[in-house]
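Protein chains in written order, with this note's numbering: chain V, 3 to 542; chain C, 211 to 540.
Treat the hints with caution; some may be incorrect.
[To be verified] Covered stretches of chain V, going by a simulated chain C footprint (3 or more residues, C-beta under 8 Å): (1) 134 to 148; (2) 211 to 222; (3) 334 to 340; (4) 423 to 431.
[Said to hold, decoys possible] Short, incomplete list of chain C residues facing chain V, as computed with Cβ under 8 Å: (5) 245; (6) 292; (7) 358; (8) 359; (9) 362; (10) 365; (11) 366; (12) 372; (13) 433; (14) 494; (15) 512; (16) 514.
Hints were generated in silico from the structure; no laboratory data involved. Idealized CB from N, CA, C, for every residue including glycine.
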Amino acid sequence: MNATDKTAPRGVKRSLLAAAAMSLALLGVGASTVEAQQGKTFRWGAAREIASLDPYSFGETFTLSVLNHVYEGLVRYTGDLKIEPALAESWETVSPTVWRFKLRQGVTFHNGAPFTADDVVASLVRVTHETSPLKGNLPAYKSARKIDDHTVEIEVNGPYPLLLNDLTNIYILDKEWMEANGASLPTDSGKGIKGFATDNANGTGPFVVESRRADARTVFVVNPKWWDKPQHNIARVEFLPISSAATRVAALLSGEIDFTNVAPLQDLQRLSASPEVKVLQTNELRTVIFAFNLKDKLFESDVTDKNPLNDIRVREAMYRAIDIDGVQRRAMRGLSRNTGALVAPAIPGYTPEQDARLPFDLDGAKKLLTDAGYPNGFSFNFNCQSDGLVNEEEFCQAVASMWSRAGLRPNLSLGPRSTQTPKRVRGEFDVISFGWANEPMIDAYSILIQVMRSKSGSGGVFNWGNWGRPAIDTLIDKAGVELDNAKRIPMMAEALMIAKREHLFIPMHNQPMAWAMRSTVAATVQASDNKPRLWLTRMR
Amino acid sequence: MLFFIAKRLVNAAGVMLTVALIAFIIFRFVGDPVELMLNEQASQAQRDELRQRLGLNNNMLVQFATFVANAARGDFGISYRNQQEVFTLIAERFPATFELVLMATFLSLAIGIPLGVYTAIRRDTVLARLLEFISVLGVSLPSFALGILLILLFSVTLQWLPAFGRGEVVQIGGWSTGLLTPSGRLALIMPSVTLSLFQITLVMRLVRAEMLETMRTEFIRFARARGLTDRAVHFRYALRNCLMPVITVTGLQIGNLIAFALVTETVFQWPGMGLLFVQAVTFVDIPVMAAYLMMVSFIFVTLNLAVDLAYAYVDPRLREDAVAGTANGR
Chain V
3 MNATDKTAPR GVKRSLLAAA AMSLALLGVG ASTVEAQQGK TFRWGAAREI ASLDPYSFGE
63 TFTLSVLNHV YEGLVRYTGD LKIEPALAES WETVSPTVWR FKLRQGVTFH NGAPFTADDV
123 VASLVRVTHE TSPLKGNLPA YKSARKIDDH TVEIEVNGPY PLLLNDLTNI YILDKEWMEA
183 NGASLPTDSG KGIKGFATDN ANGTGPFVVE SRRADARTVF VVNPKWWDKP QHNIARVEFL
243 PISSAATRVA ALLSGEIDFT NVAPLQDLQR LSASPEVKVL QTNELRTVIF AFNLKDKLFE
303 SDVTDKNPLN DIRVREAMYR AIDIDGVQRR AMRGLSRNTG ALVAPAIPGY TPEQDARLPF
363 DLDGAKKLLT DAGYPNGFSF NFNCQSDGLV NEEEFCQAVA SMWSRAGLRP NLSLGPRSTQ
423 TPKRVRGEFD VISFGWANEP MIDAYSILIQ VMRSKSGSGG VFNWGNWGRP AIDTLIDKAG
483 VELDNAKRIP MMAEALMIAK REHLFIPMHN QPMAWAMRST VAATVQASDN KPRLWLTRMR
Chain C
211 MLFFIAKRLV NAAGVMLTVA LIAFIIFRFV GDPVELMLNE QASQAQRDEL RQRLGLNNNM
271 LVQFATFVAN AARGDFGISY RNQQEVFTLI AERFPATFEL VLMATFLSLA IGIPLGVYTA
331 IRRDTVLARL LEFISVLGVS LPSFALGILL ILLFSVTLQW LPAFGRGEVV QIGGWSTGLL
391 TPSGRLALIM PSVTLSLFQI TLVMRLVRAE MLETMRTEFI RFARARGLTD RAVHFRYALR
451 NCLMPVITVT GLQIGNLIAF ALVTETVFQW PGMGLLFVQA VTFVDIPVMA AYLMMVSFIF
511 VTLNLAVDLA YAYVDPRLRE DAVAGTANGR
């Protein structure tokens, strides 16, 4: 066709150009449908079903991470957990409490509607509505205002350094679509009314929901009009929940699924032995610690007049009595990362200095207990969950026997998360196993404000055992309004160091996480937030 | 007869109410749904407010009364986790469970009856003894272990059958069926075998016992004396007389299968009601748990009622008893 261009008369040339443009357009459409038919299908075997297609319906990290393939926020995390622009192109702080976001132009929702400032405002109103379970994900939000079609201002309650972190999890829905379908407000379990967005989705993300059959299969197909340049080559994703671990492993070995984001630790060797399967193993953001009851009295003990755990020597003795290598070997199959810090290395606020552990020293532990006045130890309640952390039952049993060797008498109380959590919330424990990932904000401020801050206002929701110190509170409150990271992060590190020096908690390990994939998957990005990102995944 | 039916219906309603009451007493101990519904960043005030909105702060009896009043109007509320109407959730999953149970029942009869007859009439052969031994194993082997063994053999090693799921399903109105597609039929094999194993051995032992009993009766001896073939004696006369209790037990066991399919459904990720219930327990999804328990007790009560009515129809003495307690003395 190019050859004819030069010699062709004008009229012909114009019509040829039109034809070329038309065929290009056709080709564009044709290519995407051909790709959809012949392209790669990625079969994802997950450990559980997502709660809903509505990203504001259930405050669960896993559901949000799956829905991130359909819906997107103003900003997102890269594969190495740095914040980068997504639906917003750029942002600035107009004043310490007002952020202005410039929105990306030319983005469309899956139904073809353009993405504008109205959608952002409507989404923020919806997610912060009083019945929204995700309201807590945007704690500083005060109001949002449209400046023009592609500019939005968000006002926060006070200077707040973590707005961008919070916004990574606030997905944008289409205003007209919500209004047309009566879904402008989140569903409310209390009222018992179901919502349109529960079974239908209309986002801007790299994949479009094609069909959904709960507990069986949810199908996503590629969004050919995605604003970002796709790095993946996946045409279709089949999301297949398989709750039984043994079945999931079998399905991977037999080639019925290509990938699982929850490979059971006890099966990793077997999976690696298969030439078709590759295991991706690393440590996640979640740090496992033991936390004490630091109130005036123990909950369940033979010492009733005072609380031995309030004596730093007792806490240090319990720390020194733990043979962490033994725990790692016996309970964690050698896969956990031992740590002396209360947050993972990828979390801002971590310093290598925090990571040094007290050595395992049984005689030292016994001597400390004698010095503290408990040469014969004491009994206490030790609350662990059977379905919470990775191999929690095993490592709790291992540690309980180590404490027994030091002369203590832990009464291990094991039960499912749903029954143990209420006891923890009521403070009915003396020692608990506790895991904190600092998600979704991926910042040490999360554990500081939620766990270590003394209960006050919105702080210390998880402060179940009277943890924390006034000095830590002061640092947390200062860090909470400091916008300059160069000052803010050292404040958090200092607060964590105080907790470490006082042995307010016993740090244990960063949890292992394992994905497994068949040779059909060429490469993917495994970040320590344990979220699969299929838009960064390539197949063979 | 009408009085009899009315009395049975009142009993049935009483049973269901009792089940619901016990369920609500148990729910207090399964945990707190709010801790699972909100994520780590929610404040205490938000937690308290949600608990209030869900009515979890109310007295247990008030919660129970609200549930019964709503349920009587057919409103089971929405699931805490899925935010969908509980009734729809259960109705969507019922076909999967029903097809599985139906297939398992068919297998238990198709395999159990011939095996039962064989072990009764050839009870001294090695094969019969072996089958009896296997039947003991079948009773004692837990179904999840059997399921996993089948998966390892037929999915991983031989790659003949799918390890999980229901295959392609066809939607006919409100009913989804896997029986009309090849992949759906293949997917049904292992779960239904797993679910039916206990049932097969049950039917086999029942038929065997009944057969041995019947073979000793006068009319069998008379039939033999008339010179009828073994085949006719065994199948036309003896077996027919054994089938009544088999049918009764099978009918009643359908309720059991529906209720206990949850283990099989979990192993094979079979998207039925049992899987829904297991999830609901994990997430303390009280509306789903309550509705599921009501549903299962309804099935039990209905089956029992049907059996009672059938008996009453067959055996007039039962009816007389119900009409007037002193009927016997007349």
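Hint check results:
1. 134 to 148: holds (count 6)
2. 211 to 222: holds (count 5)
3. 334 to 340: n = 0 at 8 Å, threshold three: violated.
4. 423 to 431: Holds: 3 residues of the segment 423 to 431 of chain V have a Cβ under 8 Å from chain C.
5. 245: This hint holds: residue 245 (chain C) lies near chain V, its Cβ roughly 5 Å from the closest one there, short of 8 Å.
6. 292: For residue 292 (chain C), the interface hint holds, since the closest Cβ of chain V sits about 6 Å away, which is under 8 Å.
7. 358: holds, 5 Å
8. 359: violated, 10 Å
9. 362: holds, 6 Å
10. 365: holds, 5 Å
11. 366: holds, 5 Å
12. 372: holds, 6 Å
13. 433: violated, 51 Å
14. 494: Status holds, d = 5 Å.
15. 512: With a closest approach of 26 Å, the residue 512 (chain C) hint is violated.
16. 514: Status violated, d = 30 Å.
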